[in-house]
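In the working numbering, the protein residues as written are 670 to 987.
No lab work stands behind these hints: they were computed from the structure. Glycine included, C-beta positions come from ideal geometry on N, C-alpha and C. Watch out, some of these pointers could steer you wrong.
Stated by the list, open to error - With a Cα cut of at most 35 Å, we get these calculated DSBU-like pairs of lysine-lysine:
1. Lys859 / Lys878
2. Lys772 / Lys709
3. Lys709 / Lys878
4. Lys702 / Lys954
5. Lys859 / Lys786
6. Lys932 / Lys972
7. Lys878 / Lys972
8. Lys957 / Lys772
9. Lys786 / Lys702
10. Lys772 / Lys954
11. Lys772 / Lys878
12. Lys954 / Lys674
13. Lys772 / Lys948
14. Lys954 / Lys786
15. Lys972 / Lys709
16. Lys948 / Lys932
17. Lys957 / Lys674
18. Lys947 / Lys786
19. Lys954 / Lys932
20. Lys725 / Lys772
21. Lys674 / Lys702
22. Lys972 / Lys954
23. Lys727 / Lys954
24. Lys727 / Lys709
25. Lys878 / Lys932
26. Lys957 / Lys941
27. Lys941 / Lys878
To be verified - Restraint ranges, calculated between C-beta atoms of paired labels, are given here:
28. Ala983 / Ala695: 24 to 34 Å
29. Ser982 / Thr675: 32 to 42 Å
30. Asp976 / Val903: 34 to 44 Å
31. Glu694 / Asp785: 35 to 45 Å
32. Thr699 / Ile864: 41 to 51 Å
33. Gly866 / Ser717: 45 to 55 Å
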Amino acid sequence: MGEFKTILVTGGSGLVGRAIRTVVEAENRTDEKWVFVNSKDADLCDLSATRELFGKHKPSHVVHLAAMVGGLFHNMSHNLDFLRNNLHMNDNVLQVSHETGVKKVVSCLSTCIFPDKTSYPIDETMIHNGPPHASNFGYSYAKRMIDVMNRAYHEQHGCLFTSVVPCNVFGPHDNYNLESSHVIPGLIRKLHDVIAGEGTTFTVLGTGKPLRQFIYSLDLARLFLWVLRDYNEVEPIILSVDEEAEVSIRQVAEELARAFDFKGEIAFDTTKADGQYKKTASNAKLRKYLPDFQFTPFSVAIKESVDWYRENSANARN
670 MGEFKTILVT
680 GGSGLVGRAI
690 RTVVEAENRT
700 DEKWVFVNSK
710 DADLCDLSAT
720 RELFGKHKPS
730 HVVHLAAMVG
740 GLFHNMSHNL
750 DFLRNNLHMN
760 DNVLQVSHET
770 GVKKVVSCLS
780 TCIFPDKTSY
790 PIDETMIHNG
800 PPHASNFGYS
810 YAKRMIDVMN
820 RAYHEQHGCL
830 FTSVVPCNVF
840 GPHDNYNLES
850 SHVIPGLIRK
860 LHDVIAGEGT
870 TFTVLGTGKP
880 LRQFIYSLDL
890 ARLFLWVLRD
900 YNEVEPIILS
910 VDEEAEVSIR
920 QVAEELARAF
930 DFKGEIAFDT
940 TKADGQYKKT
950 ASNAKLRKYL
960 PDFQFTPFSV
970 AIKESVDWYR
980 ENSANARN
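Could you build the full structure based on these sequences and the hints that come with them?
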């Protein structure tokens, strides 16, 4: 169990923050106090507000999930905002963590920050090997700078600041807004609406052929806790399902139809773009540490996510 920890989670009301909360509440440990905050508690782009937040909660450890995020279209038209807001936020959180003697910070990166032109599978050593995709360069460079700052804080001050790189995350408490959601919550919302309107056709944008790795938010939460407690490298670590767990968008649609018990037709609108065909990430480094970690089977995780949305659709982030 070790020494008593007070762990501050920024971005605590989002998909990953809610999942971490679910897992730590089930563990019920007495040697950790968890504090989940969101944008209503403090503007992390403001240095004095960040100092005030840390002064109030006095964390020994920080899980930094807060970020300005948005869908593809919003990213493309607001790259400067994504760059500046995320740079300010990350700089303030790491600087105040250093000032107040926080023992460890675990920040969250994203696989979308990797170079646009790369070989697969991508691994932790490739983050800075070339420019990111032009559509979200502001967000990507701001996120990459967390890794640069982690190394600099370690070199100059001996801080244990590290970062994780999850693959596509899904689960309860996701963002189901059709304009800004990621693929699984977007499709859950879409199929839910088809069924509610007594429709017989579930239309998926694109060919359904692109391949993606998806991690269930509760599995990611369990891995985050392992990183916080036991992973002591400054270098980032990819938290992803195995390469062979990659699924096509068509398989996702079929799994969702099963979970909803939808008996209608699944159609693909091939006039719409597919995006990148694959973005395969290697979890070899994770497997070196945790060879026996069991991920929730995809069908089970999809069913739990669908059931959650059906019960909570009125109050979900639509």
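**Request:** Kindly indicate which numbered hints from before are broken by the structure, ordering the numbers from low to high.
**Result:** 3, 9, 11, 19 and 26
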